[in-house]
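What follows is the residue order along each chain.
Number of protein chains: 2
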Amino acid sequence: MSDTVDELVAGLFRSDARATARLITLVEDEAPEVARIQSAIRDRVGRAYRVGFTGPPGAGKSTLVAALAKHWVNDGESGRVARVSIVAVDPTSPFTGGALLGDRVRMTSLDPSVFIRSMANRGRLGGIAATTDGVCDVLDAYGSDWLLVETVGVGQSEVEIAECADVTVVVLTPGTGDSVQLLKAGLMEVAEIVVVNKADRPGADSLVAEIQSIVGMRPHSDVPMPIVSTVATENKGIDELAKTIEEYRTQQVSRGLLETRRKRNLRAKIQRLVEARLRREIWGGKGASEELDATVECILRKEETPWDASERIVKKWIR
Amino acid sequence: MSDTVDELVAGLFRSDARATARLITLVEDEAPEVARIQSAIRDRVGRAYRVGFTGPPGAGKSTLVAALAKHWVNDGESGRVARVSIVAVDPTSPFTGGALLGDRVRMTSLDPSVFIRSMANRGRLGGIAATTDGVCDVLDAYGSDWLLVETVGVGQSEVEIAECADVTVVVLTPGTGDSVQLLKAGLMEVAEIVVVNKADRPGADSLVAEIQSIVGMRPHSDVPMPIVSTVATENKGIDELAKTIEEYRTQQVSRGLLETRRKRNLRAKIQRLVEARLRREIWGGKGASEELDATVECILRKEETPWDASERIVKKWIR
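Chains as they are written, first to last, in our numbering: chain V, 1354 to 1672; chain U, 1354 to 1672.
Check the hints yourself; a few may be wrong.
Which copy is meant is left open, so a pair is good if it fits within one copy or across any two.
[Unchecked claim] Below, a list of computed lysine-lysine pairs in the DSSO-like style, where the Cα atoms sit at most 30 Å apart:
no., residue 1, residue 2
1, 1423, 1639
2, 1639, 1668
3, 1669, 1616
4, 1639, 1655
5, 1655, 1596
6, 1589, 1668
7, 1596, 1639
8, 1423, 1655
9, 1616, 1655
10, 1669, 1655
11, 1589, 1616
12, 1616, 1639
13, 1639, 1589
14, 1669, 1596
15, 1596, 1668
To be clear, the hints were calculated from the coordinates, so they are not data collected in a lab.
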C-alpha cells in the first residue's frame, strides 16, 4: 500500500470513495493501522444516524434498505441531498452474497451516490460486530447522514448488531410462520420498529395482529412500538417507514435517549475490543498452537479436564 | 439444592432422568459445580456419536430430528434399543420456542425414551457453544448412543455448533431460494451431509442439482458429499438418512478421522472455556462496571480512543 493513513484519511474527509474503501478494508482486516485511523477520525464520528435492519432470510431486507436509501437521497432533510451508506453483513443479502459469489445482483438502479459496503468475513478473531462498528465509524466520518446496517437475525448476531445501531428495525414477512416464532424467540429483545414487508401477500393483517399481541406482552408495553407495512419491491410504505425512523430519532434526541444508547453501545464496543485483543494475544502468539495441542493430548490421557486446563491457561495469562 | 454433585452423578450413571436434568441445569447455569461434574463424568464421555443439524428457519429440522430419533430408538444397532438424546439450541425450534413460550408443540408422539433438552439461553458470558458442549457431555455420560443437536444456521452459530459435533448435517428446503444463498454464504463450510427436506414440494430436483453444482466447486470436491431427500412429516427418507449417517461414522472411525475431528473440537472447546473465564474475570469482578463507565466518559471527552482504552485495559490484566 503506497498511500499513508494520513493521506487516506484526508481523502475520506474530501469524501473520496476510493480512499474510503481502502480505509474500510484496513478496518475489516484488523490491520495495525486501525489505532491511527480511529484517532484521526474521532472528531468526525457521531453525526450519522445508524439504523440496523435485521430479520429472517428472505424477508426482503436488502430491497427495503435500498428503497429507503433512495428515499433519503432524493428527499433529504432540510432541502439538501442526504448522504446514505449501506453496510451489509448478511450472508443471504444480495449485496453480500451476490457480490461475493458472482450471483445475480437482484438489486438494480440504486443511486450511485449511495455508498454500499458488503462484509462477508465471518469468524475473525475480533468478531463481526467489532469490524462492523469500525466500518460504520469510517462511513460516519465520510459524511454519511444515514448509515443503514443490514444483518440476518436468527441467532446471536442480531444482538451484536443492535449494539452498533441507534435504532433496530426488525423486518418480517407474512405467510412463513417463522416470523412470529423468531420474534418470540429473540428478535423482540432488539426490536424498536417492526416492518411487515411483502405486505401484499396473504396473511399480512394477521401477522400485524400477532405482532401487536406479542408487543403487548413486553415488560414495558406502555411504550408503543411502531409497526409499518411495506412492499419494498413496489416502493410502498417506504415514505412512512422513513418518517417513522425520523420521528424515532427526534424522540430519542429530545428525551436524551440517543446519548444513553450510544454510551451503552460504546461500553459494548470497548468490551468487544478488549476481548478481541485478548484472543489475539493468547491464541495468536508464538508457540500458542503447539501448547494447545499439548493440552489436548493431556486431556485425552485423562490427566486434566478441559475445565482445569482452561483454569491453568487463564492463570498463566492473567495478573 | 439438596443433592450433592456426587449423588446427582450417581443418578446420571443409573440413567435417572431427574438427576440428569438437574446436572444439565447446573451446566447451563455455568454453576461453580461444573468443574466437579466434568471431573466426575470424564471417563464416561466419548461414547455417543454427536450429530449436528443446522439450516435456515422453517427447514423442518425439529421434525427431521424427531423422526431420526424414533428411527434409532426402534431400529437400534445390533439388536438392542438405542438411547437417543436431543439438544435443541434453535430459537425457532418447537422444542425450544414451544416449550419456552407456551406455543403449540408441533411435535407429537415422540418416544418417551428420547431425552429432549431445549436450550434457550442466549448471550451468556460463556456463549451458546460452551454450554451446549457441556450439556452434550452430560447426555453422553447418561448413556446416549446418539446425540442429536439442532441449531438454526444462518450466522456464526452453525460454525460454533459444528465444533461440538462429530458430523454436521445441513437441512435445506426447495422453493424458498434462500437455501442456495445460505449454502453459498457459509453453510457449505460446515456441511458434511446435506438433506433436502420437504422433498415433495416443487423445485426439489432443481435444488438437488444446484447443491450438487455447489458441492462440485469445493476445494476438495473429490470427496463426495451425500445428499439425501426426505419428507420428515411423512417419515420418508429417514431410513436412508440414518444409514447415510451410520456409514459416515463407520468411514470416520475406520480412517481415523473421528479421532482427528474430536481433537480439533477439543481444541476449540478449550479456547471457548478460556475466553469465557477471561470474560467473567474481567467484566464480572467488583468495580468492573464502574470502571467501564469511567472509560466511556473518557472516550466521550476525546481523551482516549476506544482502541487505546482497550489496549490499556488489556495491559492491566495480562502478564
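Against the structure, the hints come out as follows:
In this homomeric assembly, residue 1423 and residue 1639 never come within 30 Å of each other (Cα to Cα): the closest approach is 49 Å inside a single copy and 49 Å across copies. Both within a single protomer and between protomers do residue 1639 and residue 1668 lie at most 30 Å apart by alpha-carbon distance, with minima of 18 Å and 18 Å respectively. In this assembly of identical chains, residue 1669 and residue 1616 lie within 30 Å of each other by CA distance solely across copies; the values are 23 Å between and 33 Å within a copy. In this assembly of identical chains, the alpha carbons of residue 1639 and residue 1655 lie at most 30 Å apart only when taken from the same copy (26 Å versus 35 Å across copies).
Taking CA atoms no more than 30 Å apart as the test, residue 1655 paired with residue 1596 passes in neither setting, with 62 Å inside one copy and 33 Å between copies. With identical chains, the CA atoms of residue 1589 and residue 1668 are never at most 30 Å apart, being 58 Å at best within one copy and 53 Å at best between copies. In the homo-oligomer, the alpha carbons of residue 1596 and residue 1639 never lie at most 30 Å apart, since the shortest distance is 54 Å inside one protomer and 44 Å across protomers. With identical chains, the CA atoms of residue 1423 and residue 1655 are never at most 30 Å apart, being 61 Å at best within one copy and 34 Å at best between copies.
Proximity of residue 1616 to residue 1655 under the C-alpha cut-off of 30 Å is restricted to the inter-copy arrangement: shortest distance 13 Å between copies versus 46 Å within a copy. In this assembly of identical chains, residue 1669 and residue 1655 lie within 30 Å of each other by CA distance solely inside one copy; the values are 21 Å within and 34 Å between copies. Taking the shortest Cα distances, residue 1589 and residue 1616 never come within 30 Å of each other, neither inside one copy (35 Å) nor across copies (53 Å). For the identical chains of this complex, residue 1616 and residue 1639 are inter-copy neighbours only, at 21 Å across copies versus 36 Å inside a copy, given an alpha-carbon limit of 30 Å.
For a Cα distance limit of 30 Å, the shortest separation of residue 1639 from residue 1589 qualifies neither inside one copy, at 56 Å, nor across copies, at 52 Å. In this homomeric assembly, residue 1669 and residue 1596 never come within 30 Å of each other (Cα to Cα): the closest approach is 54 Å inside a single copy and 46 Å across copies. In the homo-oligomer, the alpha carbons of residue 1596 and residue 1668 never lie at most 30 Å apart, since the shortest distance is 53 Å inside one protomer and 46 Å across protomers.
Checked against the numbered hints given earlier, the structure breaks hints 1, 5, 6, 7, 8, 11, 13, 14, 15 and satisfies all the rest.
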